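Residue numbers (the numbering used here), protein chains in the order written: chain A, 51 to 209; chain B, 51 to 209.
In case anyone wonders, no lab produced these hints; they're calculated from the structure.
Because the structure is a prediction, the values reported are computed rather than measured.
Incorrect hints may appear among the rest.
Short derived list, chain B residues pointing at chain A, Cβ under 10 Å [said to hold, decoys possible]: (1) Val86; (2) Arg139; (3) Ser146; (4) Tyr177; (5) Leu189; (6) Lys196.
From the three backbone atoms N, C-alpha and C, an ideal C-beta is built for every residue, glycine too.
2 protein chains.
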Amino acid sequence: MEIAYSPIGTIYSPFHKLTSMPIQPLSESSAPGTVVLLPEFAPGLKDLQGFSHIILIYHLHQSHSYALTVTPFLDSVQHGVFATRAPRRPNPIGLSVVPLIRIDDNIMYVDKLDVLDGTPLLDIKPYVPEFDSPPNFRLGWLEGVKAKLRTTNSDDRFG
Amino acid sequence: MEIAYSPIGTIYSPFHKLTSMPIQPLSESSAPGTVVLLPEFAPGLKDLQGFSHIILIYHLHQSHSYALTVTPFLDSVQHGVFATRAPRRPNPIGLSVVPLIRIDDNIMYVDKLDVLDGTPLLDIKPYVPEFDSPPNFRLGWLEGVKAKLRTTNSDDRFG
Numbered sequence: 051m052e053i054a055y056s057p058i059g060t061i062y063s064p065f066h067k068l069t070s071m072p073i074q075p076l077s078e079s080s081a082p083g084t085v086v087l088l089p090e091f092a093p094g095l096k097d098l099q100g101f102s103h104i105i106l107i108y109h110l111h112q113s114h115s116y117a118l119t120v121t122p123f124l125d126s127v128q129h130g131v132f133a134t135r136a137p138r139r140p141n142p143i144g145l146s147v148v149p150l151i152r153i154d155d156n157i158m159y160v161d162k163l164d165v166l167d168g169t170p171l172l173d174i175k176p177y178v179p180e181f182d183s184p185p186n187f188r189l190g191w192l193e194g195v196k197a198k199l200r201t202t203n204s205d206d207r208f209g
Numbered sequence: 051m052e053i054a055y056s057p058i059g060t061i062y063s064p065f066h067k068l069t070s071m072p073i074q075p076l077s078e079s080s081a082p083g084t085v086v087l088l089p090e091f092a093p094g095l096k097d098l099q100g101f102s103h104i105i106l107i108y109h110l111h112q113s114h115s116y117a118l119t120v121t122p123f124l125d126s127v128q129h130g131v132f133a134t135r136a137p138r139r140p141n142p143i144g145l146s147v148v149p150l151i152r153i154d155d156n157i158m159y160v161d162k163l164d165v166l167d168g169t170p171l172l173d174i175k176p177y178v179p180e181f182d183s184p185p186n187f188r189l190g191w192l193e194g195v196k197a198k199l200r201t202t203n204s205d206d207r208f209g
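Next up, chain A with everything else stripped away, as it sits in the complex (with noise of 0.2 Å):
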């Protein structure tokens, strides 16, 4: 069974190699930038602009290959691949809670970027906490490396 998808639109950001990139909206060296809507489909957008922050699901282009298990950037031993946020993974895809700072038609100013320039966009979703955000929760193998979640960038590992 294969799927099919197609782009919705595209994401900009400051970064242009996989190398150096922030692994997370929450890092020191995340960015601004925009997503940008295929003009037909603006007229989704409607009332999104009263969300403080957006799901961004997107497709991650420059990842073509995977392993099971992978050392993610924020350990030095093994984790299998669907315990890590790493961007090479069987299907890529990508997801990033962002800030919405505005609308334009079909331009979305966003902040917090940790995405390549030129990312394809596949949905765009409201950020709800009561649906997103469970009250109590464990960390697994990410409890022991927390402290390291805003200073960590990414190196050439998945590249």
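Following the hints, complete the assembly by docking chain B onto the known chain A.
Same frame as chain A, now just chain B:
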């Protein structure tokens, strides 16, 4: 540009029809179920059991068309589809954050499912509040209907 993905597994739930389903994981009618990964991907689950919640990304396989403005289950006025979580979207990609109960080989036992039985699974990511849960937010049109989030089920409008 067409992007092709292949399912990595299947989500099994008690919900066999698009009507009368929970509309989100926090609905009172959401239910336990299983996420069955294709056996060849099982090594990718290493260390996932340490996380209390996982993000399921899936193909909304019963969504065969879309409209750019929709009247969502929770409201009586139209909003842009990207300002809603309605299942009929240009790229019908679904996203649910669910509690992970336990893992047996390639089978994840989860709770609070809000998806149809037999839904094709595209990706699994660990839920990390530092990445996925911004501290301050506004909810747009959903602010006025928050009280209905837990008790509203689906009807046939997206069937």
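### Hints breached by this structure
Going through the list in order, the structure violates hint 1 alone and respects the others.
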